[in-house]
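Asker: Residues per chain, in single letters:
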Amino acid sequence: MSADAPLLVVKDLTVSFRSDEGLVRAVGGVSFAVEQREIVGVVGESGSGKSQTLLAIMGLIDSPNAIVSGSIRFMGQELIGLKRRALDAIRGRQIAMIFQDPMSALTPVHTVGNQIGEQVRAHEKVSAKAARARAVQLLDAVGIANPDRVVDGYPHQLSGGMRQRAVIAMALSCNPVLLVADEPTTALDVTVQAQILELIGRLRDQFGSAVILVTHDLGVVAEVADRVLVMYGGRFVEEGGKSSVFRAPLHPYTWGLFGSIPPMEGPRPARLAAIPGIPPSLSNLPKGCAFGPRCAFRHDACLVQLPIMRGESHRAACLLPEATRRQFAVQRPGGVEMQR
Amino acid sequence: MNAMPREQPLLRAGDLSKRYSVGRSIFPAQRRTVHAVDTVSLDIWPGETLGIVGESGCGKSTLGRCLVRLTEISSGSLEFEGRDITDASQRQLRPLRRQMQMVFQDPSASLNPRRRVGDLLADPFRIHERLSASEMADRVAELLRRVDLSPQHASRYPHEFSGGQRQRIGIARALALRPRLIVADEPVSALDVSIQAQIVNLLADLREEFNLTYVFIAHDLSVVRQISTRVAVMYLGSIVESGPTDEVFAAPRHHYTAALRSAVPIPSIDRARRGRLVLKGDLPSPMNPPSGCRFHTRCPAATPTCRSERPLLQSIGEGRLVACHHPAGG
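Chains P and V supply the protein sequences, listed in that same order. Residue numbering for the first sequence follows my numbering, starting at 1 and increasing by one per position. Residue numbering for the second sequence follows my numbering, starting at 1001 and increasing by one per position.
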C-alpha cells in the first residue's frame, strides 16, 4: 500500500435488518474514503444510518438478522467477511472506537488503570508494570490531572468528562491509525465538550490518527472536521471539504439543518427555518429521494427517481441542477436560510 | 428591574432553596446535604420568556419544579400574582394548577403508554371542568389541531408517534386549561435538530396566541437565546447572572457566562474563533461546593477575595444582575 493511498475505502455499503415489518434498510449503499490523518465528520439525525455505518466498519453488527454487504477496505484489506480472529487483530489495535456513553465502554468493577492496561496487553506483549506505566502516560496525554492517582480510581469516581478522556486514552493505547467516534461529546456539558473537542483535534498531531466523527451537531463538525459527509435516510446526500460545505451547502437538507440551528450571534430570526415533517421510516422509505417529502424544492421527478451523488470534490445527491441550487443557497453570516 | 415597576410579577421566588440529604447513615455526622437550589430570588413577569441555562447539576430543573411546586421547597417563599403559595396545600394549589403547567424533556415518560392520546388530553378537563363527552372531544380535537396534529390522532397510543409528535402532545396537554405560565424543562433537548426547530417555532407561536409566560429551562444556549426575552445563568444551585437575552449574550458580565458562551460550537467557519475561553476542570460536586464564589476554582479572574467571600447577585443597571467581585467587560 502506497503512502498516500486512502486509509479506508468504503464502497456500496448496505446494512439491512430483517424484521416483522419487512426489510429495514439502515444504510443504503454508501461509498466514501478516509485519508490518513484526516478528520471526517459525519452529520445526520437519528435514523440516518450514521451509527450503523460506523458499527459496520468496526464489524460490530453481529445480529443474525443483519445483512451487511458491499466493501470496506482498510489499508488495502477487506474487512467484510473477515474472520473474527483476523478482525480482532485490527480493531482495538489499528482501528479504535469511542462511544457516546463512556460508561458503556468501562466496567465499574476494575480500576481505570487495569482497564487501559488490559487493552494494552491484549495487543502487545508487555509486563503488567509496563502496562500500568503506559496507562499513566496515556491518561496524562488526554489531559487528565493527577494521572498517577486516577489510574487507580474506579470509573464511578470520575466525572463524565474524565470518563470520556479515560475511554479515549484506552482507545489510543495501541496508537490506532483510525479512531472512530460515535457522538463522543453528546452526553457531556458544553464546557467539557469544548475540552474533548480540543483533545480530538490534537490527536492527529500527537498520534497521527485519522478520525471519523459521527455527530448530529454541525457546530461540532465546524470545530474539528476537515471534510463533511451529510447523511439522510441511510444515504449520503452531501459530501465536501468543510469550508465549501459550510460556505455554500448544496443539498436542500443541509440548508434545512443550518436553518434549524438558532444563531448564537446577531439578530434572532422571528422563526427558525425549520424542516417540515419527520424523517422517513427506514422500513418504508420513499421511492425517490428520501428527503423529497420534506423538501421545499421537490418536483415530480424527485418522488420517483433516486438522485445519485454528483459533482467533483464537493458533491450532492439532488435532482435540481447545481446552478439552481447555488442560487437558492443564500449566503448569510453564520449559516444559510432556506428560501421558499 | 422591570421597565414597568407598577406591574406585578406573575411569579416571585424569594430566597428559594431546595436541599436534599444524601447518604443514609445512622450517624448524623455522615449525612450530607446537597444544595440543589441555593437561595434563588427571581421575578417572572407576565408575557416574558425567562430562559434558565446551566450545565448538568446546576439545579435548573429542580428550580423549575420548585417554581410550580411540583417539588417541595426547603426554605424561601413563592408568590403567584402577589398571593403567597409557599405553604399552600395540594388542595389549595389545585385552582393554581390551571394557571401553571409544565412541559417535560422526555414526552414518552410523561405520557401513559396504555392510554389513548385523546384520553390523556381530556384529563385536565375531567379534573378541572365539567364538560359533556362531545364538548370534551371538541376541545381535544381543537388542542390537537393547535399543535399541528390531526384530530384523528386522538384514538392512537403514545408509542405510535415520533418523538417530536409526542412533545407536541405534551405541549397540548399543558395548554389544555389555558394556563398563564408554562415551565418547560428541556423541552427540545431529546429531539433531532430539524424537529427541535419546529417545536421552538411552535412554542413561540403559542406564546403569541395565548399570551403565555414561559420559563424555558435548557442547557442549549442557542435554543435559549432564540426563545427567551430574559435569561438567568445558573452555576451550582445559584443564579450568577441574569438580564435581557441579547445583552447577556452579546456582553456577558459573569466569567462563567462568558465561558459557557464561548464553549458553544458554532456551525460556521467564517467566524474565526475569537480567543476561546476553555474552562479548566470539571464542575465541582454540589455536595461539597467551593468556598466563597462557587466558580472561583475554574474562574480565570479569581482573586483571594473570591475564595473567601461569596458575591451577591447585584444590579448593574439596565435590568442586569451579576454575582461577581470582578465582573467582565465593565
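Fair warning: there could be bad hints in the mix.
Pulled a few chain P residues facing chain V out of the computed Cβ check, cut under 7 Å [as the list claims (entries may be wrong)]:
hint, residue
1, V24
2, A122
3, D189
4, E312
Only pairs whose alpha carbons sit at most 16 Å apart, straight line, appear in this in silico EDC-like list of lysine to aspartate or glutamate [claimed, not checked]:
hint, chain 1, residue 1, chain 2, residue 2
5, V, K1280, P, E198
6, P, K242, P, E312
7, V, K1280, P, D140
8, P, K129, P, D101
The set of hints was computed from the structure by calculation and includes no laboratory data. Here the structure is a predicted model, which means the values were calculated and not measured. From the three backbone atoms N, C-alpha and C, an ideal C-beta is built for every residue, glycine too.
Asker: Hint by hint, say whether it matches the structure.
Answerer: Here is how each hint holds up against the structure:
Among the interface hints, the one on P:V24 is violated; its C-beta lies about 16 Å from the nearest C-beta in chain V, farther than the 7 Å criterion. Interface restraint check: P:A122 against chain V, minimum CB-CB distance 30 Å, threshold 7 Å, status violated. Among the interface hints, the one on P:D189 holds; its C-beta lies about 4 Å from the nearest C-beta in chain V, closer than the 7 Å criterion. The closest approach between the C-beta of P:E312 and any C-beta of chain V is roughly 20 Å, which is over the 7 Å cut-off, so the hint fails.
Taken as a hint, the V:K1280 and P:E198 pair is honoured in the structure, with Cα atoms around 12 Å apart against an allowance of 16 Å. Annotation: proposed proximity of P:K242 to P:E312 holds, straight-line Cα distance about 14 Å (limit 16 Å). About 15 Å separates the Cα atoms of V:K1280 and P:D140, which keeps this hinted pair within 16 Å; it holds. Between P:K129 and P:D101 the alpha-carbon distance is near 29 Å, which puts this suggested pair outside the 16 Å criterion.
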